[in-house]
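Given the coordinates of chain E, assemble chain D onto it according to the supplied hints.
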Amino acid sequence: MLSKKQARAFFLGGTLVTFLIFIGLTVYSLSEEVDQTNHENITDSVVRGKEIWESNNCMGCHTLLGEGGYYAPELTKVIDRLNLKYNGNGETVIKSILMQEIPWQPNGRQMVAYGMSEAEAIDVVAFFKWIGEIDLNGFGEVVGVDRKISPLAKDKINN
Amino acid sequence: MKYKSQKVAYWFFALSMLLFGLQIIYGFIMGFAHAGYDGLHAFIPFNTAKAVHLNLLVVWLLSGFMGAAYYIIPEEAQRELVSVKLAYVQLISLALVGVAAIIGFHFNIWEGRKFLEIPRGLDYLVVVNVLLFLGLILTTLFKAKRRTTTSLVLSMGLLFAALLYLPGMLPFDSQVTDSFFRWWVVHLWVEGVWELIMGGILSFLLIKLTGVDREVIEKWLYVIVGLTFLSGVLGTGHHYYYIGVNKIWLIVGGIFSALEPLAFLAMALFAVNMYRKGEKKHPNKLALYWTLGAAIVSFVGAGLLGFAHTLPQTNLYTHGTLVTAMHGHLAFWGAYAMIVLAIISYSLPNMTGRKLYDSSIGRMAFWFSNIGMIGMTVAFGVAGVVQVYLERKMGMDFMVVQKETEIHFIVLIVCATLFTTGVILYMIDFYKHGTPNDEALEAK
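Protein chains in written order, with the working numbering: chain E, 1 to 159; chain D, 1 to 444.
Some clues are possibly wrong.
As the list claims (entries may be wrong) - Each computed DSBU-like pair below joins lysine-lysine, with the alpha-carbon atoms no more than 35 Å apart:
| no. | chain 1 | residue 1 | chain 2 | residue 2 |
| --- | --- | --- | --- | --- |
| 1 | E | K129 | D | K403 |
| 2 | E | K4 | D | K4 |
| 3 | D | K281 | D | K4 |
| 4 | D | K277 | D | K4 |
| 5 | D | K114 | E | K4 |
| 6 | D | K4 | E | K85 |
| 7 | E | K129 | D | K393 |
| 8 | E | K129 | E | K85 |
| 9 | D | K219 | E | K95 |
| 10 | D | K114 | D | K2 |
| 11 | D | K393 | D | K114 |
Treat the hints as calculated values from the structure; they're not laboratory data. The model shown is predicted, which means the values in this text are computed figures rather than measured ones.
Just chain E, same shape as in the assembly (with noise of 0.2 Å):
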């Protein structure tokens, strides 16, 4: 039967043993040569991008990278989706969003009406871009504009 030093060595082990391997894999997994997010690509503007993103708590209502809130739409691939449905005029119809006065209001449910400049807005959008080119092992395809066939179908489908 198990003692109790046994029990405390297997805790004790294991978790050194898992931590480590967690280190190491983090380690890789943020590494320049396996890098899906186009860091090189990271402007200023970007980065000013996601500092609004952040101070204005965008992130409590909308989701992006499929995490946030759940009460706004998901804002990775968004610009994609906004030119199909608005003619190609995806980034124009964002930054009017941004920088309206009262609040944007979809089937009933209100945004926050920011007022930004348009600089702002533009910075929040080159940070829509840069997150909207990110390789997210097929999340993209299910958010973006071509959502109707799952990746996991397309195949079968193909084949």
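Just chain D, lined up with the frame of chain E:
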């Protein structure tokens, strides 16, 4: 109660109750907004309500864990806390930091990173506060003649929780890296070190309530926390499937998060078996309800419902939908809220001297809140599945789908009302116990 300084726990629990009540109010604001009634939007927009709801959860649970530690550590260490005055300073500063953060959220002052919305300036105060707390607990343990496994596991959980707050304060230009390390805090807290805290509290309660030999209980405690870390640390990978990092996480996260329910299953089996082995003589039946309830509901909420959407093939569609809210609610309720309510139910009669064991209010509180929360979970689940199929599979517009799910939020609000009734009854029971006093001290 065996030591005078244990009384300080009461005030941490009282703060927990207050913040828990407030958290529920903001939950209702969000539920109504989802159902199409966002009349408070001009004053409390959804992102404010969300930040308040999440952060109040974290603060009231932390306050509950701290109260638990102030109650458990003296008894386990068999000595008074090193300083009661400083413990009160810590309590007041915790409350002030929490309230300042919550007020700030109403004025667009935050960091906008889910669960870590507290602005940077206040982050430093949180660190100071937690250091003071750890200082008091660890010094008490250090000076003690007896250091039990229960007290060590509990303290280790609290220490790691403090250390893991730090990666969340690192600044990154890339949203992907930022998110990556945000999960070091959030995931490794709730599916890692908080489980140590839960395990420590559970072990203390089982020792006291069942009368089973400490050595047996503590041996299994090691096995359970071992399983937790074995699966939970690499299980962090399930947050990395689709955020822009290497595919290796699909395999690693998939395998290890599929193992995560095992730790919770072990915890549930452990609690139930210890109860069956025990003498069943302890009069505090309510504490036993909450203790066994926490172990079982956490297995369902955190273990099974987590597993329901943790495989990469499923998560591809459920990632970023209300399915996450379904799992989140029952998991936090079962694993952490219920264990805090369990230690309160156990310690309250001991601190106040009013032995209101097994009151009908207390039993109704347990059943109403649990049935209400299960109903809420189902409502979230149905809304989430509808969202997955209509939006993700059929390609319908987000807002069109949201309109379709409004009815499920009416159901959610009805169930939340039952849940809230249970919580209010719990609070009435809490209030009826009165305040702690030295007359409740047991003769040594």
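- Structure versus earlier hints, numbers of those that do not hold, lowest first: Result: hints 5, 6, 9 and 10 break, sorted rising.
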